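Sequences are here, hints too, so could you generate the full structure?
Protein chains in written order, with this note's numbering: chain E, 1 to 284; chain P, 1 to 459.
Where hints are given, some of them may not hold.
Claimed, not checked - With a straight-line cut-off of 30 Å between C-alpha atoms, the simulated DSS-like cross-links for lysine-lysine are: (1) E:Lys174 with E:Lys201; (2) P:Lys410 with P:Lys426; (3) E:Lys27 with P:Lys24; (4) E:Lys270 with P:Lys24.
Bear in mind the hints are in silico, worked out from the structure with no lab data behind them.
Computed from a predicted structure; not experimentally measured.
The chain contents come next:
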Amino acid sequence: MFPIVKKRVLNDTVTLMEIQAPLVARKAQPGQFIIFRIDEEGERVPLTIAGYDREKGTVTIIFQKVGYTTEKLDNLNEGDALLDFVGPLGEPSHTEGITRAAVIGGGLGVAIAYPQAKALHEAGAKVDLIVGFRNEDLIILQEELAAACTDLTIMTDDGSNGHKGFVTQALEEKLKAGEQYDVVIAIGPLPMMRAVCNLTKPYGVKTIVSMNPIMIDGTGMCGGCRVTVGGETKFACVDGPDFDGHLVDWDEAIARSRMFRSEEAKAKEKLHKCRLTGEARSHA
Amino acid sequence: MPNMSLKKNPMPEQDAVVRAGNFKEVALGYTREIAMEEADRCLNCKNAPCVTGCPVNVPIPNFIAKIKEGDFQGAYEVIRTQNGLPAICGRVCPQETQCESKCVRGIKGEAVGIGRLERFAADYAMNEGKVSVETAPACGKKAAVVGSGPAGLTCAADLARAGWDVTLYEALHTPGGVLMYGIPEFRLPKALVQKEIDAIRALGVKIVTNAVVGRAMTVDELLEEGNDAVFIGSGAGLPNFQKIPGESLCGVYSANEFLTRINLMRAYTFPQHDTPVKVGSRVAVIGGGNVAMDAARCAKRLGADVTIVYRRGEEEMPARKEEIHHAKEEGIHFRLLTNPMEILGDENGFVRAMTCVEMELGEPDAKGRRRPVAKPGSEFELPVETVIVAIGNSPNPLIKKTTPDLPTEKWGGITADENGRTGKAKVYAGGDAVTGAATVILAMGAGKKAARAIIEDNA
Chain E
1 MFPIVKKRVL NDTVTLMEIQ APLVARKAQP GQFIIFRIDE EGERVPLTIA
51 GYDREKGTVT IIFQKVGYTT EKLDNLNEGD ALLDFVGPLG EPSHTEGITR
101 AAVIGGGLGV AIAYPQAKAL HEAGAKVDLI VGFRNEDLII LQEELAAACT
151 DLTIMTDDGS NGHKGFVTQA LEEKLKAGEQ YDVVIAIGPL PMMRAVCNLT
201 KPYGVKTIVS MNPIMIDGTG MCGGCRVTVG GETKFACVDG PDFDGHLVDW
251 DEAIARSRMF RSEEAKAKEK LHKCRLTGEA RSHA
Chain P
1 MPNMSLKKNP MPEQDAVVRA GNFKEVALGY TREIAMEEAD RCLNCKNAPC
51 VTGCPVNVPI PNFIAKIKEG DFQGAYEVIR TQNGLPAICG RVCPQETQCE
101 SKCVRGIKGE AVGIGRLERF AADYAMNEGK VSVETAPACG KKAAVVGSGP
151 AGLTCAADLA RAGWDVTLYE ALHTPGGVLM YGIPEFRLPK ALVQKEIDAI
201 RALGVKIVTN AVVGRAMTVD ELLEEGNDAV FIGSGAGLPN FQKIPGESLC
251 GVYSANEFLT RINLMRAYTF PQHDTPVKVG SRVAVIGGGN VAMDAARCAK
301 RLGADVTIVY RRGEEEMPAR KEEIHHAKEE GIHFRLLTNP MEILGDENGF
351 VRAMTCVEME LGEPDAKGRR RPVAKPGSEF ELPVETVIVA IGNSPNPLIK
401 KTTPDLPTEK WGGITADENG RTGKAKVYAG GDAVTGAATV ILAMGAGKKA
451 ARAIIEDNA
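See below:
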């Protein structure tokens, strides 16, 4: 069992947990992910590693309540434990030779962009971190983000924090102003990563994205996580999760992310079924 | 006077129509009476040709003699001297090409039902007898076994019985490898695999799940931790695709993914279990091996109309005759001499059909199998919503990548001699990781030989 040693609610839908998992903490590196399973009936769900403490043997995960399992996870508290927690999986992000980088995080992607920015910043690179949220209330990890980069830009869709617009707009301003990045790293929802890639392509800036497709085992066995990159089939779990965003087949990746949408709705119904009457109730 | 019937006692089975709607075991097993009657067909040949056909050298006439006497526990104990997983082998071994192919009774009539008798003895011990086996006193030697499939389990069990301190590392959350994620419940009940694994635990083998060697730890680290030997039985887990257009559409699965969802994650009980599996009303399974049959029969049980699409003829199918027969009985269609060319999607990226071409058999290839050639102008569309690709697997690259001085073959397999010795000191390997995708029993044979080599090298 893998105990939850710390739980911190970051906003209404995003939660941070520190999990006691020494085997994972020992080897974890930025860009890698874990797979967890809550209980005997549970599904295996991949999550990017948001941080780790090798001495304490803990791994930090940050997740958004988007589906049945993440909601079930959110119902657990400090002292509870996960049945399975395996990793580190995937290839670590490459940080060598990067002196100037822009790291872009959208929504929950911010949680994953954070360790990447931090790793580059600590390695001595000059890092512009651009993150986006729907509104000011949803902003998470502000202090940590500021400490993990050279320059932090926080955008909100509704402008409630004074910076209205998408992350792509902030990035575009910097590119137009002549910033020369060795690499742009984009992490977040698929449409946001695609938008960043479309923006950087004409500038010829290498753009790395972190894919988080449907998968089961995370070791190359199921092939469910296949992504077409430069016309070749890659497995995100063993070849990725980082890929050259200019080569990713985005239409396909977006279609594949929807494969189990109707089943996901059915599973959520189960979560919200009243234990007393057995009737489904709508989620407020 | 032995029972001179030319026919093997048939295996009692669930009715084909009924079983196509459930996941319960198809073959029900011999009763005591049938088992003793079948055992009586064995001539107890002095030179025991059957044993030479067994990759793990089970003393076949000896255990059958015990069944004949009604000493079922004794029969089990004889088998266990050579085979750590008898209940599994009795079910999934291709006896028709191994022990039973050498049986003297098979010259005129049918061979003795060795597999069915093995299963009977193992089931008896599990349900009514004892499964404990004696181990040698601790010898002070320590081994790590990577992968808990048939090769790893066998190697671990044999080392433990010789007094070794053994730790088994498994990447998934449940030990058993292909026995758990691949072979379906109706052919190999998971509770039974669990019992076999418990029996191996009872030998003192420690099992660490959720441990990916090649990520969380390397082979070299296992050696640095004081292991006298490391055995790699990581299998052939990387699914192959045909590389035809449309393979990334929603509704296309590798057989590994499809079977893992169903067997390991129990998606057939969704939403009781949380993992879903989506199956259309019409399913095509590409391939002609046992895995293709397993996938097809699973899809059938989930309510689909299922067609096997195979580019050669039935004679060339690598699947066991029995599996093909069971699949046919359950109403699975066979489109033989048919090759998929493209999978077609709808506007949402879901499969709607598969374009195929008819084939005819040409000249034999290097392996002697006649090479299929496309018939020009015979293309047609097969309307399906789900496609399952079951055309084989390649070895997992994680260990190769993280163990640079471990010699490997061009195609990715680990280079090892017939006793599992690799080109790296103290490191042994066996099973599909060395041979490429093969059978449970061959992997067990490799695990067994490697255990023997490890013990010899450390004597």
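The hints, checked one at a time:
1. Among the hinted pairs, Lys174 (chain E) with Lys201 (chain E) is consistent with the structure: their alpha-carbon atoms are about 14 Å apart, no more than 30 Å.
2. For the suggested pair Lys410 (chain P) and Lys426 (chain P), the alpha carbons sit about 22 Å apart, so the restraint of at most 30 Å is met.
3. With a C-alpha separation of about 42 Å, the suggested pair Lys27 (chain E) and Lys24 (chain P) falls outside the 30 Å cut-off, and the hint is violated.
4. For a cut-off of 30 Å, the pair hint linking Lys270 (chain E) to Lys24 (chain P) stands: about 26 Å separates their Cα positions.
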